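Whole structure, please, built from the sequences with the hints as guidance.
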Amino acid sequence: MSYNGVMRPGHTCLRVLEMEPSLTHYVERLGMIKTSEDEQGRVYLKAWDEHDCFSLVLREADEPGMEFLGFKVHSMADLDRFEVAIREYGIDVERMPAEELKGCGHRIRFLIPSGHSIELYAEKQHAGNGLGYLNPDPWPEGLKGMQVNRFDHCLLYGPSIVDVVDFFVNVLGFALTERVLDPEANMTGAFLSCSNKAHDIAFIQYPEANKFHHASFLLNSWEEILHAADIMGMHNISIDIGPTRHGITRGRTIYFFDPSGNRNEVFCGDYTWYPDRDPITWTAEELGKAIFYHDRKLNENFLTVVT
Amino acid sequence: MTQNKSFEITILDSGDSFLCKEGQNVLLAMERLGLRGIPVGCRGGGCGICRVQVLGNGQYRTKKMSRAQVSEEDESNGIALACKLIPEGDLQILPVGFLGNHST
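Chains as they are written, first to last, in this note's numbering: chain A, 1 to 307; chain B, 1 to 104.
One or more of the hints may lead you astray.
Derived DEER-like restraints, expressed as beta-carbon distance ranges [stated by the list, open to error]: (1) B/ARG67 to A/HIS106: 29 to 37 Å; (2) A/ARG296 to B/GLY34: 52 to 60 Å; (3) B/ARG61 to A/THR24: 20 to 28 Å; (4) B/GLU73 to A/GLN125: 41 to 49 Å; (5) A/THR281 to B/LEU19: 47 to 55 Å; (6) A/GLU99 to B/LEU94: 33 to 41 Å; (7) B/LEU94 to A/GLU208: 22 to 30 Å.
It is worth saying that the hints were derived from the structure and are not from the lab.
Note that this is a predicted model, so its numbers are computed, not measured.
Glycine included, each C-beta is placed from N, C-alpha and C at the ideal position.
Set out below in structure tokens:
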């Protein structure tokens with residue numbers, strides 16, 4: 001756990017084909033809350049138990065996918081320190097000014113070897129979770145749909161995973177919690193944590209750069225996962241797989257798609273990570289179990305359906 | 001205009017034929033019948049897995065599809081994503097696979 005560095009995944013920006021059905025999906029079905037909209041037409045949303053004003057940005061475009069993924073760091077001093085460290089590592093850093101994303105302080109953006117745009121920021125406008133900080137209730141009334149608690153992580157697909165891990169571990173201070181090895185013992189999957197969670201970001205080796213597998217949102221129990229699956233059935237939401245369990249992270253999960261084909265996950269229950277734990281290894285012949293622990297075989301979509 | 005109109009969709013390589021109701025997309029019609037001729041992905045016009053070529057003079061319309069998978073030129077050449085393909089007459093289609101080189 002890094003008290004002097006990256007705190008948590010802070011936001012992701014997804015491209016959607018049409019805004020209206022996308023808002024129905026993320027607001028009415030997942031239960032996120034629209035907090036703002038900017039002049040470019042980007043819509044900002046947060047999950048109910050998040051305290052910053054947004055964790056998901058949606059932008060209407062001609063093709064779906066993820067624009068960038070941002071992590072919040074503890075302080076401005078950390079942000080400045082990272083900017084220097086990333087440049088010294090040999091990766092260019094672009095400064096995005098404060099309020100370029102509405103409600104967010106300035107961000108630093110850089111391209112990692114898998115082709116993805118990653119950002120760091122220190123400040124974001126406060127919104128609260130609706131419960132206050134004095135003798136609060138456990139949850140607010142009036143939540144909709146699946147009632148996801150927070151934006152939790154993304155799984156990204158691209159080349160050069162070994163280089164990506166080197167950067168996240170040695171520059172950003174993440175820990176490698178789990179990995180997948182191919183028959184030649186090359187790392188083809190990597191799960192990294194900057195916190196007590198089993199993962200805060202994950203990568204799968206894939207020949208094409210900058211592809212997006214899923215954005216994941218947290219629920220609290222297996223029963224809530226079932227409830228989410230019921231909502232998917234009620235509203236004919238495209239399901240990829242689940243409810244089921246991942247071997248990796250032990251997460252209980254459903255993979256499904258938003259109306260533009262961006263994959264979402266709702267999941268609950270990983271384990272607590274501490275830096276004195278050894279990383280877990282999954283071997284290629286057990287990849288089915290690693291991803292889908294009950295079925296023990298990969299569905300073809302896992303390796304091919306990306307945006 | 002009859003509410004119960006259906007169109008016959010033929011997948012040329014598998015030889016499967018099935019009915020697709022007016023207003024329904026081809027991929028969903030196929031899936032509901034348990035057929036497998038067209039690969040199924042996101043079902044949302046984004047991933048390109050269900051990319052097909054519509055042959056001959058088939059009449060159809062499409063909903064918005066990812067331009068990374070179906071360019072304007074593709075579209076004018078009868079390429080579509082089956083999950084966004086709404087027949088307006090009988091159709092003959094051939095799966096052609098997703099495009100692996102996305103512009104980023």
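Structure-based check of each hint:
no.: 1; hint: B/ARG67 to A/HIS106: 29 to 37 Å; result: holds (32 Å)
no.: 2; hint: A/ARG296 to B/GLY34: 52 to 60 Å; result: violated (23 Å)
no.: 3; hint: B/ARG61 to A/THR24: 20 to 28 Å; result: holds (22 Å)
no.: 4; hint: B/GLU73 to A/GLN125: 41 to 49 Å; result: holds (44 Å)
no.: 5; hint: A/THR281 to B/LEU19: 47 to 55 Å; result: holds (50 Å)
no.: 6; hint: A/GLU99 to B/LEU94: 33 to 41 Å; result: violated (50 Å)
no.: 7; hint: B/LEU94 to A/GLU208: 22 to 30 Å; result: holds (24 Å)
Checked against the numbered hints above, the structure violates hints 2, 6; every other hint is satisfied.
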